[in-house]
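Asks: Here is what each chain is made of, one letter per residue.
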Amino acid sequence: MPAPAVYLDHAATTPLDPKVLAAMQPYFAAEYGNPSSIHAMGQHAEAAVERARSEVAAVLRCPTQDVIFTSGGSESDNLALRGAAFASRELRGARRVLTTPVEHPAVLRTAEALARQHGFSLDLLPVDHFGQVDPDDLRRRLTPDTAVVSVIHANNEIGTVNPVTHLARLCAEQGIPFHTDAVQAAAHLDLQELTDAPALISIGGHKLYGPKGVGVLRCPSQIPLLPEITGGGQEHGLRAGTHNVPLIVGLAAALKLAAETRPVEHARHSGLRDRILSRVLAEVPQAVISGHPLQRLPNHASFCFHQLDGNALVAALDRSGYACSSGSACKTGDPTPSGVLLALGLPPAWALGSLRVTVGRSTLPQEVDGFLSVLPAVIQAVRSAGGN
Amino acid sequence: MPRVVAIAMSGGVDSSVAAALLTQSQDHVFGLMLRLWADPHQGPNRCCSPVDVERARQTAAQLGIPFYMIDAQQPFLQEVVEPFIRGYAQGVTPNPCMSCNRLIRWGFLLRHAQAMGATHLATGHYARTALRDGHWHLLRARHPDKDQSYVLSVLSQQHLSHALFPLGELTKNEVRQIARQRGLAAMDRLDSQDLCFLGGSDYRDFLASRVPEAYRPGPILNTHGETLGAHSGLVGFTVGQRKGIGLSASSPLYVIEKRVADNTLIVGPRTELARSTFSIGELGWVLDPPRPDASDLTVQVRYRSRELPATIQWLDSSRALVRASAPVAGVTPGQAAVFYRGEECLGGGIIL
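Residue numbers (our numbering), protein chains in the order written: chain A, 36 to 423; chain B, 20 to 371.
Treat the hints with care, since some could be wrong.
Just the calculated beta-carbon pair ranges, DEER-fashion [unchecked claim]:
hint : chain 1 : residue 1 : chain 2 : residue 2 : range
1    : B       : Tyr234    : A       : Gln321    : 55 to 63 Å
2    : A       : Ala358    : B       : Pro328    : 54 to 62 Å
3    : B       : Gln176    : A       : Leu159    : 54 to 62 Å
Away from chain A, derived, C-beta distances all over 12 Å, residues of chain B [claimed, not checked]:
hint : residue
4    : Ala134
5    : Glu232
6    : Gln260
7    : Ala280
Chain B side only, calculated, beta carbon under 7 Å to chain A, not exhaustive [stated by the list, open to error]:
hint : residue
8    : Tyr87
9    : Ile89
10   : Arg130
I should point out that these hints are in silico values taken from the structure, not numbers from a laboratory.
Note that the Cβ used here is the ideal one computed from N, Cα and C, for glycine as well.
All chains, full assembly: derive it from the sequences and hints.
Replies: Dropping the structure here:
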């Protein structure tokens, strides 16, 4: 029976780096001050938050006042979309939200809510069969009525990387707020070029070996936002609530660490990823790569297998000692083909059989080889169990 | 070598306690739950409503075992629900639980369990197995009042070699007691009734929506051929049914026969309901078919009915004639006639 699982699901979450844990530790108990307090205890906590803000700003190469701490990637996405949409409507009467069908639900559901509950119209940019947006399509669709544009940086399900810097500049030329969900990208890609453009950028702590429950929204001064959580004046009045000091400290430490280790890890991850991509295509019948074969996250391999229940595959792989995920993953056993995969033009009979394998810092080559040695047989067993 | 056991969980008390008992052994245990098809107009399948899934998941967490949902909606629809509808449309009363056991639980689910590395599949059924002389035998539960071997009579040697029934020696009270002692999430849940895929609504409404053409009005006759009235559609009736026929008579009338050929409902007094001779088809045996001269057999014609001494006579390779020692009520085409020798369930066939 299964040995302890080999974790190949780093796009879902990552283990907390011990150095990050050490950086956070004092702020759970000993340094418990409220950063808004006047006394010295408060000042210690405030110093920690501002040190963290400087660290994040240094990694992103942006002014410190651009860095807004949130409760995570989803809140960052919500603040960016709602905040920019409401501000654009207030300032210039704009009412269109422009995004893509391959967004994370934190963006897509938010855009839908803006349309359904707040009178915005929702417009989806086309994507090609890799899930990429063509900048010309964006250029053609930008109008004075566009309130906010949101295009995912690197897709969580299929790993495809979008030309977001180019897209951000197109929007900036017309004075339209551009947002990108970089929650997956931040661990693996250098965001400095993107940050040079005025873009709203969402980052989450736990995808980059930091804690869960904390995130960043990079808000350039050129892009006006209205707050979503109102209350005390924290975060320049954009995000009320007492700072979660230990988590903020942890996120900054994690982001810094990610930047330091990126060159080495990028090369190592890419090697493991490419081994997975090529071996699976060679050894599993009726398999395709989902997403772009080259312009994808370095740690991200994803597939669709014809006539296979992706949930059952992930469950069977778990019993074999490998933790992966599927785009149709659904804990209630009622799988529906992922909207992302359907947007690529994959038929449901392929989209239901998706598998995502994402390696991480601790992944060893022999673990990948072990996984690749069991995968074809597990796929065959699950296929025949389903009667296919 | 420890066994690897997949336990089929439903969120109910029986499968929860079965899982709990398995975790006390050396076996490696994991939980599986089937997502079954439900009539979209009737809400979720009663066997896997969101509440049940949550309860099963909670139970697995309490027991410290992994838990996975397996989507069986399509195979369940094709292999259980559609044959059920077709059967009714053809005038018989199918037992969907038996086809579910044979094709879904011990087919689709067992195959998935094996694909996940399981050597055995356990369920919360009240029944026992025994390995004697190199063959698997299916036995009634230790306490006959809760015995479920009838619905398991469709299992073969291949199935039984992988089957575990942890509750076979226990009474329902003992099972409830264990659930309470362990504080299992399902401890206060009531036993399930009715057809799981109808979400508690009447199967006649379901059939009316699925096979409206089977709701053709026709005559009601007594067994002497006298017209007593009209029915609204044979699909709405089951052999042995008394309520809802819509006739007033001096003594209670029962559905004796549904004659699909001329869309006629035959009714009569209870005495005419009982039959001592009937034929069966779609024969299946746990091990070997009983010998025609066997004099130690009993037959059971409903899940909860009493067994009666009976003999079997082969009509051809796939059909047989059953002679019960006395007239037995509720002999219903589509239901199973299951043979026993003592406490051993031998298998049987579908009443023709």
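Asks: Against each hint, give a clear statement of whether it holds in the structure.
Replies: Cross-check of the supplied hints:
{"no.": "1", "hint": "Tyr234(B) <-> Gln321(A): 55 to 63 Å", "result": "violated, 44 Å"}
{"no.": "2", "hint": "Ala358(A) <-> Pro328(B): 54 to 62 Å", "result": "holds, 57 Å"}
{"no.": "3", "hint": "Gln176(B) <-> Leu159(A): 54 to 62 Å", "result": "holds, 56 Å"}
{"no.": "4", "hint": "Ala134", "result": "violated, 4 Å"}
{"no.": "5", "hint": "Glu232", "result": "holds, 30 Å"}
{"no.": "6", "hint": "Gln260", "result": "holds, 35 Å"}
{"no.": "7", "hint": "Ala280", "result": "holds, 35 Å"}
{"no.": "8", "hint": "Tyr87", "result": "holds, 4 Å"}
{"no.": "9", "hint": "Ile89", "result": "holds, 6 Å"}
{"no.": "10", "hint": "Arg130", "result": "holds, 4 Å"}
Checked against the numbered hints given earlier, the structure breaks hints 1 and 4 and satisfies all the rest.
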